[in-house]
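Based on the provided sequences and hints, a complete structural model is requested.
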Amino acid sequence: MQTPTSDGQHKVLLLDYTMPSQVVMFGNLAVSVEDAIPDLPEIAFSANLCLEELITNTIQHGLSNAPDHAIRICISRSANCLEIEVRDDAPAFDPFNSVATPDIDASVDERAVGGLGVHLVRTLMDEAWATYDGTGNLITLKKTLKQ
Amino acid sequence: MSFEFHLDTNGGVQHLTLMGRLDSATFITLEKTINGLFSSAGDRVLIDFSALSYISSAGLRLILVAAKRARQVGGRLILCGLSTSVRDVFEISGFLKIMETADSKADAERALQA
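Sequence lines, in order, name chains A and B.
Using numbering that gives the first Met the number 0, you'd call the opening residue of the first sequence number 0 and step up by one each time.
Using numbering that gives the first Met the number 0, you'd call the opening residue of the second sequence number 0 and step up by one each time.
Since the hints were derived computationally from the structure, they do not count as laboratory data.
All of these numbers come straight from a predicted model, not from anything done at the bench.
Please note that the accuracy of each hint is not assured.
Subject to a maximum C-alpha distance of 25 Å in a straight line, what follows is the list of computed DMTMM-like cross-link-like pairs (lysine to aspartate or glutamate) [stated by the list, open to error]: (1) A:Lys10 <-> A:Glu82; (2) B:Lys104 <-> A:Asp102; (3) A:Lys145 <-> B:Asp87; (4) B:Lys96 <-> A:Glu109; (5) B:Lys104 <-> A:Glu41; (6) B:Lys67 <-> A:Asp102; (7) B:Lys67 <-> A:Asp108; (8) A:Lys145 <-> B:Asp42; (9) A:Lys142 <-> B:Asp87; (10) B:Lys96 <-> A:Glu82.
As structure tokens, then:
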């Protein structure tokens, strides 16, 4: 399926995947992401890491570990951008405005255990934001592809 | 791919070998082993990442716990065999500044025997 993007380029949907809200499903999701962009293994690694971090947040904090919710992941690609969308039916939550940035210059003793997930997403992706439409959250990630 | 690990001792050094995906589903199987790695001063541990294809923050937390335990008891921890992608995750997390790494297992063994 091709749809025009705001900058006039065509965007191709490469993956439309729905997973139950269970962390044991990340291995299966990872294989589907790798298969969707076989020519971009390093970006597939980053995409899988970001998906796991964000969806784990949703499952643990947004859904209180309820295993029977559906989370939908779409990946599309234009000539110069990979776009990842994650939809859930959890209460409104914006991870990009809710989580403190970890102090990555702290010593081993001072370093907090945790808080790294959103920092990884912000660093690995070029754009990341979340919106809420009254029924669930939509997280959008964009990664610029080098020509 | 799932996650597996094994722990053995060679020349007084504990070798922890990680294989597959260390993520928010699989980290729990490793937690007890990580907590038991360092018990007294002089304990030496090598963690071999060469067969680890993927790590997320759930796995990073365990590695940080191991590094903290090493410091607390006066032990030494060296990580080796990190793939480019796994190394990038460690770099972004700031872990390469606070943890000792070696390119190969042989380099890590030499450093721990020195």
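Structure-based check of all given hints:
| no. | hint | result |
| --- | --- | --- |
| 1 | A:Lys10 <-> A:Glu82 | holds, 9 Å |
| 2 | B:Lys104 <-> A:Asp102 | violated, 30 Å |
| 3 | A:Lys145 <-> B:Asp87 | holds, 18 Å |
| 4 | B:Lys96 <-> A:Glu109 | holds, 13 Å |
| 5 | B:Lys104 <-> A:Glu41 | holds, 24 Å |
| 6 | B:Lys67 <-> A:Asp102 | holds, 16 Å |
| 7 | B:Lys67 <-> A:Asp108 | holds, 6 Å |
| 8 | A:Lys145 <-> B:Asp42 | violated, 45 Å |
| 9 | A:Lys142 <-> B:Asp87 | holds, 16 Å |
| 10 | B:Lys96 <-> A:Glu82 | violated, 32 Å |
Hints 2, 8, 10 from the earlier list are contradicted by this structure; the remaining hints agree with it.
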